[in-house]
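These protein sequences, in sequence, are chains X and W.
Under my numbering, the first residue of the first sequence is numbered 1, with each subsequent residue one higher.
Under my numbering, the first residue of the second sequence is numbered 122, with each subsequent residue one higher.
Just so you know, the hints here were simulated from the structure itself, not pulled from any lab data.
All of these numbers come straight from a predicted model, not from anything done at the bench.
Just so it is clear, CB atoms sit at the ideal spot from N, CA and C, and this is done for glycine as well.
Check before you lean on any hint, since a few could be wrong.
If you anchor each label on the Cβ, the simulated ranges turn out as follows [claimed, not checked]:
| hint | chain 1 | residue 1 | chain 2 | residue 2 | range |
| --- | --- | --- | --- | --- | --- |
| 1 | X | Glu115 | W | Asn189 | 24 to 30 Å |
| 2 | X | Met1 | W | Lys150 | 45 to 51 Å |
| 3 | X | Met1 | W | Tyr138 | 38 to 44 Å |
Quick list of in silico lysine-lysine cross-link-like pairs, PhoX-like style, CA-CA up to 20 Å [claimed, not checked]:
| hint | chain 1 | residue 1 | chain 2 | residue 2 |
| --- | --- | --- | --- | --- |
| 4 | W | Lys204 | X | Lys84 |
| 5 | W | Lys182 | X | Lys84 |
| 6 | X | Lys28 | W | Lys226 |
| 7 | X | Lys84 | W | Lys141 |
| 8 | W | Lys204 | X | Lys111 |
Part of the chain W face toward chain X, derived, beta carbon under 10 Å [said to hold, decoys possible]:
| hint | residue |
| --- | --- |
| 9 | Met122 |
| 10 | Ile160 |
| 11 | Thr161 |
| 12 | Lys218 |
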Amino acid sequence: MYHFNKIFAIAMIVFLTGCSIGGEKKIKIFSVEKPREKLNYDMPTPLQMEEIQWIIITSENAQEVFKKLEEAGIDPVLFGITDKDFQVLARNFAQIRQKLQETNNLLEEYKKYYEDTENSQ
Amino acid sequence: MAIAIMLITGIAGAGMYVMKLRADNATLKANQFKLETAITEQNKVLEQQKEDFTAILESNKKLNVLINTFKKDLQDLDKRFTKKNRDIGKLAIDRTKSIERIINKGGKNAARCIELASGAEHTEEELKATLKSEINPECPALANPNYVSFQ
């Protein structure tokens with residue numbers, strides 16, 4: 001009887017621990033990657049510049065210029081800049097244009113980098 | 122009787138052991154699969170990083186070229202005003218009408234450059250321009266992509 005209890009006890013241990021061998025069922029976790037929506041802004045509308053008429057006025061042609069303005073029905077008044085300031089104005093315009101071009105190029109590069117390839121997240 | 126119980130217990134134990142081994146094997150296989158997937162993903166990430174670096178370098182190169190063009194355009198503009206000790210003021214006094222014409226043409230060209238910089242389409246004439254007389258001298262690199270300066 002003593003041996004039987006011993007064997008029975010061992011058998012019980014084996015059976016009970018055996019239940020854990022199969023392992024418990026686990027929850028499966030899926031992660032589905034959804035790409036971020038594209039911003040898709042249209043590129044800014046190109047500018048359409050209006051034409052300006054430059055008039056060069058010197059001490060010699062001043063009267064003639066004002067007379068022509070009056071004849072054309074334009075107020076005989078001119079907003080003047082010196083030759084040096086004209087050079088500065090031309091330079092300033094060139095810099096504004098370059099900044100515009102640089103910004104537009106950067107925008108295109110960003111668009112290309114994040115939207116053309118699979119970099120967009 | 123005892124032997125029979127021992128035998129049954131032994132068989133049961135062996136069965137359980139085999140089951141455990143099979144479960145372990147399945148776990149190991151799953152781990153192996155996960156590791157292989159992780160390696161593949163890591164390789165993909167590395168490949169993507171490599172492509173990104175190339176794209177960034179290429180983009181930087183393009184922007185640097187653009188910045189250098191800007192510098193050259195500004196230098197050319199200054200040169201036009203000061204070339205050979207040129208004094209645009211004196212010239213305007215001496216040849217008022219022709220300088221006025223040049224200034225107006227330059228203004229028109231500069232305005233066109235701004236339009237192009239803001240994204241306007243090139244005209245066919247601008248694209249075809251290859252001679253110095255055909256280009257927009259205010260921004261040749263922008264306005265006339267097919268013009269090659271030999272300076």
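Outcome of the hint check:
1. Glu115/X to Asn189/W: 24 to 30 Å: About 27 Å separates the Cβ atoms of Glu115/X and Asn189/W, which means 24 to 30 Å holds.
2. Met1/X to Lys150/W: 45 to 51 Å: Between Met1/X and Lys150/W, where Cβ atoms are some 47 Å apart, the hint holds.
3. Met1/X to Tyr138/W: 38 to 44 Å: 29 Å, violated
4. Lys204/W to Lys84/X: Judged against 20 Å, a Cα distance of about 14 Å means the pair holds.
5. Lys182/W to Lys84/X: 35 Å, violated
6. Lys28/X to Lys226/W: Violated - the C-alpha atoms of Lys226/W and Lys28/X are around 73 Å apart, more than 20 Å.
7. Lys84/X to Lys141/W: Roughly 93 Å between the alpha carbons, so the hint for Lys84/X and Lys141/W is violated.
8. Lys204/W to Lys111/X: Given pair Lys204/W, Lys111/X is violated - Cα atoms ~41 Å apart, limit 20 Å.
9. Met122: The hint holds - Met122/W has a Cβ within 10 Å of chain X, the shortest such distance being about 8 Å.
10. Ile160: 18 Å, violated
11. Thr161: Hint on Thr161/W: violated, closest Cβ of chain X at ~15 Å, above 10 Å.
12. Lys218: 8 Å, holds
The structure is inconsistent with the numbered hints 3, 5, 6, 7, 8, 10 and 11, although it conforms to all the rest.
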